[in-house]
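Asker: Sequence lines, in order, name chains A and B. Letter by letter, the first sequence follows residues 3 to 252 of the numbering used here. Letter by letter, the second sequence follows residues 215 to 368 of the numbering used here.
In short, the hints are calculated from the structure, not lab data. Ideal placement from N, C-alpha and C gives every residue a C-beta, glycine not left out. Treat the hints with care, since some could be wrong.
[To be verified] Restraint-style ranges between C-beta atoms, simulated for each label pair:
1. A:VAL100 x B:SER229: 33 to 39 Å
2. B:ARG282 x A:GLY20: 51 to 57 Å
3. B:VAL244 x A:GLY108: 23 to 29 Å
[To be verified] Sample of chain A residues with no beta-carbon within 12 Å of chain B, all distances over it, derived:
4. ARG12
5. SER13
6. GLY14
7. HIS55
8. ASP70
9. GLU97
10. LEU109
11. ASP170
12. GLY171
13. ALA174
14. GLU177
15. HIS201
16. SER203
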Amino acid sequence: MGLMVYGVARSGHPVPSGMTGIGEPPGEVRLVRTGPVAIVVSSVSDQLVLQDHDAVTYLDTLTALLRDGPVLPVRFATVVTDEDEASHELLGPAEDLVEMLDEFDGLAEIRLEIAVEEHVEIARLLDASPDLRRLAGQVTGAGTPADRIHLGEEISVRLAERRDELGDGVRAQLETVSAAYAPCRPTDYTVLRQAYLVHRSDLARFDAAVQAVRTRLGRDYTVSSVGPLPPFDFTDVQPGPADVGHWGWD
Amino acid sequence: MTMATRRIDRAPRPSSLADVLDLILDKGIVIDAYVRVSLVGIELLTIDARIVIASVDTYLRFAEAVNRLDLQPRGQVTGLPGLVDGITEGGARSKTRGALDGIKETATELIGSLTGSDDDDDEAPADAPVDQAGRRIPTGRGAPQERRGARGDG
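Turn these sequences into a full structure, and let the hints guide you.
Answerer: In structure tokens, the structure reads:
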């Protein structure tokens with residue numbers, strides 16, 4: 003047996019009775035407390051192999067707990083052998099965690115995605131770029147395959163620039179109704195993804211601001227938002243290049 | 215594409231498994247524990263779905279999209295709303311027409327002929343996707359295999 007770790011919460015955080023976690027059969031979700039902080043765990047078999055639906059369960063567990071107070075996600079697939087170990091290993095720097103929990107109290111992550119049809123965006127790009135139109139004319143007329151790849155690569159660079167410009171504009175619209183911003187890793191040239199940390203009391207205002215973005219961009223852009231979510235994009239405390247501010251505010 | 219700019223409410227969680235993984239993977243607090251904290255086995259079937267390879271495939275797709283734009287006479291692009299205006303002007307149209315027949319190769323065939331010898335020379339573009347360890351995924355056909363290999367080590 004092991005303990006699947008979901009996140010960190012305050013010791014007094016309520017856990018709905020009967021709430022179950024990952025595994026078959028799923029273990030009950032409970033807190034292992036040390037002083038003011040606790041880790042959210044459930045028992046799992048040693049033979050556990052995590053699959054897709056477990057990722058959903060992990061997310062849903064944290065999201066459900068988030069309703070009753072701050073919860074900081076611990077990286078998916080973290081397992082400890084027993085409660086003692088959990089306390090020692092996870093709650094060592096408890097004062098840091100208390101501080102983090104305080105910082106995130108009342109905040110949730112909202113993810114924003116803005117997608118535009120690829121052919122629409124490429125058409126606009128060409129429309130706005132005489133040099134690219136010229137290049138396209140040369141390449142499609144007499145270009146070698148390598149020329150066409152070069153053209154496509156050039157287009158990809160420009161699409162990424164347009165996506166980032168779009169992101170700047172959207173961020174400017176949403177920053178006033180959010181506590182922090184974090185970029186998300188790009189998944190496509192024509193899909194913009196951003197994360198915002200939003201106060202619960204500001205959710206309605208944030209939604210209205212998203213609606214304003216939707217209206218401004220028009221029908222070619224599909225604007226969707228997801229949340230409130232645990233602050234996944236704001237609790238990245240692993241060492242590494244700090245191209246993204248850990249907190250988004252300083 | 216739909217006409218409506220209807221109100222779309224905020225969803226409680228990502229609609230696809232790929233988006234769930236995009237949200238949670240490599241995120242959250244990492245425990246600085248020594249040997250006793252472990253990662254259990256993971257078999258995430260959709261993990262590949264979140265990665266768009268910035269590859270020759272993509273570039274050729276973009277180039278083909280340009281082809282379609284330039285080669286479509288006005289009024290015959292009903293399947294591509296919003297595309298026509300301003301795109302078909304300039305010197306490109308007459309040139310591109312004659313080229314259409316010459317471009318029959320599929321993207322895959324092209325890649326096969328182009329990348330067989332110089333995979334290692336490919337450089338990842340500035341926003342190339344990164345794998346779980348944060349490394350840039352090299353462009354070109356070799357990338358998926360390399361990535362699977364790397365994952366197998368873990």
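Asker: All hints, please: hold or fail.
Answerer: Hint-by-hint comparison with the structure:
no.: 1; hint: A:VAL100 x B:SER229: 33 to 39 Å; in the structure: holds (35 Å)
no.: 2; hint: B:ARG282 x A:GLY20: 51 to 57 Å; in the structure: holds (56 Å)
no.: 3; hint: B:VAL244 x A:GLY108: 23 to 29 Å; in the structure: holds (25 Å)
no.: 4; hint: ARG12; in the structure: holds (15 Å)
no.: 5; hint: SER13; in the structure: holds (17 Å)
no.: 6; hint: GLY14; in the structure: holds (20 Å)
no.: 7; hint: HIS55; in the structure: violated (8 Å)
no.: 8; hint: ASP70; in the structure: holds (16 Å)
no.: 9; hint: GLU97; in the structure: holds (15 Å)
no.: 10; hint: LEU109; in the structure: holds (15 Å)
no.: 11; hint: ASP170; in the structure: holds (15 Å)
no.: 12; hint: GLY171; in the structure: holds (18 Å)
no.: 13; hint: ALA174; in the structure: holds (20 Å)
no.: 14; hint: GLU177; in the structure: holds (18 Å)
no.: 15; hint: HIS201; in the structure: holds (15 Å)
no.: 16; hint: SER203; in the structure: holds (15 Å)
In summary, the structure is inconsistent with hint 7 from the numbered list given earlier, while agreeing with all the others.
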